[in-house]
Amino acid sequence: MKQVIQKWGKSFGIYLVLMILFPFVMPDEYYRSVGIIIGLHAIVTIGLCLVMGLAGQISLGQAAFWGIGAYTSAVLTTKYGLPPLVGLVASAIVPGLFAFILGRAIAGLQGYYLAMATLAFGYIVQIGITEWEPVTGGASGMISIPRVPFFGDSELSMYYLIWAVVSCVLLFSLNLLNSRVGRAFRAIHKSEIAATSMGIDVRRFKLNAFVVSGMFAGISGGLYAHYMGILDPQPFGLHESIKFLTMVVVGGMTSIWGALIGTLLINFISEGLIAMSEFVPGLQGDIDTIVFGGILVLIIMFMPEGLVPRIRSLYEKSRAKKAKAREELQRMERKATT
Amino acid sequence: MTALLEVQSLSRDFGGVRAVNRVDFQVKQGEILALIGPNGAGKSTVLNMVSGVIPPSEGEIRYNNQGLAQVPGYEYAGLGITRTFQNLQTFDDMTVLENVMVGMHTKTKSSLFSCGLNLGRARKEEQKMREQAQMWLEHVGLASLAFAQAGSLPYGKLRLMEIARAMVAEPTLLLLDEPAAGLNHTETAEMSKMFQDIRANGTAILLVEHDMDMIMAIADRIVVLDQGTKIAEGTPREIQENPKVIAAYLGTEEEEGRG
Ligand SMILES: Nc1ncnc2c1ncn2[C@@H]1O[C@H](COP(=O)(O)OP(=O)(O)OP(=O)(O)O)[C@@H](O)[C@H]1O
Ligand SMILES: [Mg+2]
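Protein chains in written order, with the numbering used here: chain A, 1 to 338; chain B, 339 to 597.
The hints are simulated quantities; they were obtained by calculation from the structure and are not laboratory data. Note that CB positions come from ideal geometry on N, CA and C, so glycine has one too. Everything hinted at is true.
Listed below are the simulated BS3-like cross-link pairs for lysine-lysine, each with C-alpha atoms no more than 30 Å apart in a straight line:
| id | chain 1 | residue 1 | chain 2 | residue 2 |
| --- | --- | --- | --- | --- |
| 1 | A | K190 | B | K466 |
| 2 | B | K447 | A | K190 |
| 3 | A | K317 | B | K495 |
| 4 | B | K445 | B | K466 |
| 5 | B | K366 | B | K582 |
| 6 | B | K462 | A | K190 |
| 7 | B | K495 | A | K324 |
| 8 | A | K321 | A | K190 |
| 9 | B | K462 | A | K10 |
| 10 | A | K10 | B | K466 |
| 11 | A | K10 | A | K322 |
| 12 | B | K495 | B | K462 |
| 13 | A | K190 | A | K10 |
| 14 | A | K322 | B | K495 |
| 15 | B | K495 | A | K321 |
| 16 | A | K190 | B | K495 |
| 17 | B | K445 | A | K190 |
| 18 | B | K466 | B | K447 |
| 19 | B | K531 | B | K445 |
| 20 | A | K317 | A | K190 |
| 21 | B | K462 | B | K447 |
| 22 | B | K445 | B | K495 |
| 23 | B | K466 | B | K531 |
Simulated coverage check for chain A against chain B, where a stretch passes if three residues somewhere in it have a Cβ under 8 Å from a Cβ of chain B:
| id | stretch |
| --- | --- |
| 24 | 164 to 175 |
| 25 | 187 to 196 |
All chains should be modelled from the sequences, with the hints used to inform the complete structure.
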């Protein structure tokens with residue numbers, strides 16, 4: 001904790017202030033609900049960032065874990081009357097188990113196998129949810145899922161509940177990044193051969209990263225279910241998985257903060273499109289899929305490292321340049337005096 | 339002295355090509371064994387097999403009297419075998435210090451959850467890793483660059499960083515693939531001195547190197563490979579006078595001269 005605060009102190013401080021003040025800067029129920037959705041997305045993308053950016057894997061099934069988490073908690077609380085807190089714990093564990101089994105099944109998670117396998121998995125899960133009607137309510141979904149009590153259940157208290165979870169996930173991931181395990185992930189990303197010869201069990205660590213990302217997505221899904229109060233299978237498809245992927249890639253895969261900023265950005269664009277569609281009739285429908293696909297392609301072509309790492313390296317370069325200029329100046333002054 | 343590493347009739351094929359052919363040698367506890375030979379002789383391939391990066395096509399590798407055939411690659415470091423790479427394998431987006439800390443992986447145990455929650459144990463291990471890594475960076479002379487991005491360092495420094503990364507794991511057998519490539523005379527001499535210190539502390543070294551000054555100065559014994567086959571073995575003096583070795587090296591020089 002101390003170390004994280006030292007290393008990330010400024011960023012984390014700014015994050016906390018913005019996060020806490022947002023509902024008062026934008027004291028509108030609608031913006032609060034947007035803030036909540038962004039928080040829910042952020043939990044998923046931070047997890048995805050661990051898999052993609054650190055361990056170097058591509059998952060196209062994050063929305064499926066999200067959906068499994070959502071339905072797990074919804075079914076347990078609505079059908080079996082368990083308290084939402086128990087439902088939420090299960091919404092982390094069950095998708096984690098799915099991720100474990102899936103990850104184990106595709107031994108080694110080499111290359112693009114994970115991308116293909118998670119793609120197929122995503123379809124199967126969405127179809128499964130739709131078809132398993134007695135439990136999930138099928139295509140028409142579920143209603144009256146209880147809210148999580150957290151200092152009441154207003155939009156404002158939900159906002160703080162969800163961003164409290166985001167903050168925990170963020171801290172966990174930042175801690176992880178600067179630990180033995182996080183470095184092992186990053187090492188695998190750069191060179192599996194070198195990682196192996198340092199004693200890192202590449203398969204196990206890839207699997208671990210994948211399971212954690214599944215658990216994060218599941219927690220977010222559980223919170224989503226309790227926040228919405230209703231559920232249907234529609235949001236848990238490939239469309240959403242690609243949206244999560246875009247958020248991570250835009251912000252910069254190798255940076256946890258990048259995942260957060262990418263999530264904000266894509267949601268702003270999403271909101272912008274919705275606002276514009278009121279005036280431009282052509283923007284209705286699945287236009288956002290096209291826009292996000294386009295953004296994804298452009299980013300991969302022109303800025304593959306993503307926004308946050310790019311800005312950071314620009315900043316460091318300019319600082320190095322300034323330092324050099326200062327040195328030069330000092331040297332010249334010294335020369336002038338001697 | 340007993341054999342630490344015993345290589346018996348080791349072969350490796352790539353497609354139809356035999357890169358290493360029935361090679362035998364031993365590395366004794368705490369000695370420096372140099373493995374030399376012209377380009378393409380199969381030295382790196384031998385090192386890759388001994389470090390578990392690729393499996394042998396035939397033959398056996400025994401370490402501390404244990405066969406390594408069934409041991410997965412990631413367990414070698416824990417057994418005390420670590421290495422550096424001819425084509426550098428550095429983690430460019432990490433700092434130099436972090437790179438070396440990765441080398442401590444087998445010396446630490448904290449789980450994903452204790453790292454994420456930053457529990458006491460994880461913090462203690464992190465501290466230990468940091469101290470050990472710092473110490474090795476000082477040994478190799480990179481202490482001032484600890485917080486530089488590894489990707490920004492020149493080749494020679496990265497070679498030193500790889501040595502530090504291999505040494506923090508406190509190996510009993512260190513495998514080095516052309517550590518002096520691209521270094522100047524003084525740097526090579528400094529590195530030779532460092533290898534002698536490492537040997538003095540009980541770590542055996544299997545050294546692949548082209549720099550003859552280094553080899554002659556520090557190797558206890560030399561094994562010579564040519565086109566995958568061992569053509570000679572002996573002390574530096576014996577090897578220097580061995581006509582087969584001279585022929586192998588002259589042969590390649592002639593070819594290069596013609597080409
Ligand atoms: N992965 C591989 N696939 C196919 N052929 C390979 C592979 N690795 C090595 N070889 C071949 O095996 C032979 C021995 O290569 P190796 O790299 O072991 O030589 P070396 O002695 O290390 O040479 P150098 O001094 O140039 O590093 C060469 O002919 C090389 O082309
Ligand atoms: Mg080689």
